[in-house]
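Protein chains: 4
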Amino acid sequence: MMMDRDAFSQWMGIEILSIKKGSVELQMTITEVMTNGFKIAHGGIAYSLADSALAFSSNTYGIQSVTIESTMSHIKPLKEGETIKAVAKELQLSGKFGRYLIEIINEKNEVAAVFYGTVFRTGKEWIIDNGQPTQ
Amino acid sequence: MMMDRDAFSQWMGIEILSIKKGSVELQMTITEVMTNGFKIAHGGIAYSLADSALAFSSNTYGIQSVTIESTMSHIKPLKEGETIKAVAKELQLSGKFGRYLIEIINEKNEVAAVFYGTVFRTGKEWIIDNGQPTQ
Amino acid sequence: MMMDRDAFSQWMGIEILSIKKGSVELQMTITEVMTNGFKIAHGGIAYSLADSALAFSSNTYGIQSVTIESTMSHIKPLKEGETIKAVAKELQLSGKFGRYLIEIINEKNEVAAVFYGTVFRTGKEWIIDNGQPTQ
Amino acid sequence: MMMDRDAFSQWMGIEILSIKKGSVELQMTITEVMTNGFKIAHGGIAYSLADSALAFSSNTYGIQSVTIESTMSHIKPLKEGETIKAVAKELQLSGKFGRYLIEIINEKNEVAAVFYGTVFRTGKEWIIDNGQPTQ
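Residue numbers (the numbering used here), protein chains in the order written: chain X, 1 to 135; chain F, 1 to 135; chain U, 1 to 135; chain R, 1 to 135.
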């Protein structure tokens, strides 16, 4: 499955809470090595979680999809030890492109970051196994 | 200095090639743990490098600046073992906000990703040591 | 009210279908002068409608709010004579910033464009009259 | 030429100051009908000028290119009567996509807005006449 071969998502300790066509819910915990000079998670951590959520949700149709454009707002600091979720929702899907909104939710159930991403659907197929693409 | 206390930038192996007011040039090498299911760098790696470049360049004035908004285009895949650079340029700076363009350059000297980011300048000061903010 | 003094929104023929705290629904019809060289609406038209929706929805709290950052995806062409809607939804609101998702819906009820915008809340107050800010 | 058939760009009074492969410089003046409730240009005006600059510069190669994604920062208010410029620069061009940075410059020669846009190159050709695409 996609997650099994994604070394960086595994390094982050990402777990898949749920997955279905066009959406996914992921979870991870901020560790010390993920923090920046302000002792909160480096901005790249929330982005990486969201980008994994985009990859996992957009690839559920069996068509290889790659992120081409993305926008992220950083709203609340994520602290070491905090467990965060990414909740992905498909806004639009057509032959060549798909657009997804992904909210990063903190432990207090607040929106801590918002990610909006566009994928390009290459047209190459892959096999779906247990709801996730294999390679 | 900022870099010394940024655990995640250190984990990525980021080196500062040059730094001056409003700009910075960073370098790092893609390792296996940074790759995704496609055996190329996870999208979060280029973003993390760019976001570090944004933090380092926008904080050179001694005013604490935090990323609030960012946009990233992923253009070319970054391969394991490849050494990449981030080149940050300040487009605009005012009292409360600053905007920066950061290009991720691959080993062939091509633009592999483009990051456009906005920082909010909190007004808190810190001491600059050797061109970098201390904390 | 805000709309009454917004000359460009009036020029576009924007109507307010509904408005409440943090959200708004607008409608307008594409006229010939709004088209570009491809005989479809110029990209600036969908953006202008969305930006009005952002202004109207974010200013419902009586705190002057201005757009600082925005992202727009153009998905489907909008034709001359077509009546389109903008549906704004507040994703996050804090003291200084608010983030909104605005979908542009075409006559076939499809998502024709997606706008994601961030406002800066200046702290200046104004009087709300009939759900809309006065000036 | 593209400009001749673009009714909305003509309505805005856009003039082409210079055009060459991948770049363009445009100029226009803010009129009263373009203002919003704050008596400054509606955010859609700067965006529309930038989007025209994106269309004109990306279509100089004779391959039909359409805006798919765009980001705009609004930095300084544009006043009625002010003459503004859009300066477009190509950051990256490949078979399917191109990325452009467009700065909106005010009368004081300050960066008043920044636009970052991505075009999809459809592969359809058209004839270039006097540096501009015909249709």
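Hints were generated in silico from the structure; no laboratory data involved.
Values in this document were obtained by computation on a predicted structure and should not be read as measured data.
By construction, the Cβ of each residue, glycine as well, lies at the ideal position given by its N, Cα and C atoms.
Just to be clear, a hint being listed does not mean it is correct.
To be verified - From the derived model, a few chain U residues whose C-beta atoms are all more than 12 angstroms from chain R: (1) Asp6; (2) Glu15; (3) Thr31; (4) Asn59; (5) Glu80; (6) Glu90; (7) Gln92.
Claimed, not checked - Using 35 angstroms as the maximum straight-line C-alpha spacing, the simulated DSBU-like pairs for lysine-lysine come out as follows: (8) Lys39/X <-> Lys79/F; (9) Lys76/R <-> Lys76/U; (10) Lys79/X <-> Lys39/X; (11) Lys89/R <-> Lys76/F; (12) Lys89/R <-> Lys76/X; (13) Lys21/X <-> Lys21/F; (14) Lys21/X <-> Lys89/F.
Hints and how they fare:
| no. | hint | in the structure |
| --- | --- | --- |
| 1 | Asp6 | 4 angstroms, violated |
| 2 | Glu15 | 16 angstroms, holds |
| 3 | Thr31 | 9 angstroms, violated |
| 4 | Asn59 | 9 angstroms, violated |
| 5 | Glu80 | 10 angstroms, violated |
| 6 | Glu90 | 18 angstroms, holds |
| 7 | Gln92 | 18 angstroms, holds |
| 8 | Lys39/X <-> Lys79/F | 30 angstroms, holds |
| 9 | Lys76/R <-> Lys76/U | 31 angstroms, holds |
| 10 | Lys79/X <-> Lys39/X | 7 angstroms, holds |
| 11 | Lys89/R <-> Lys76/F | 20 angstroms, holds |
| 12 | Lys89/R <-> Lys76/X | 34 angstroms, holds |
| 13 | Lys21/X <-> Lys21/F | 47 angstroms, violated |
| 14 | Lys21/X <-> Lys89/F | 40 angstroms, violated |
Of the numbered hints listed earlier, those contradicted by the structure are 1, 3, 4, 5, 13, 14.
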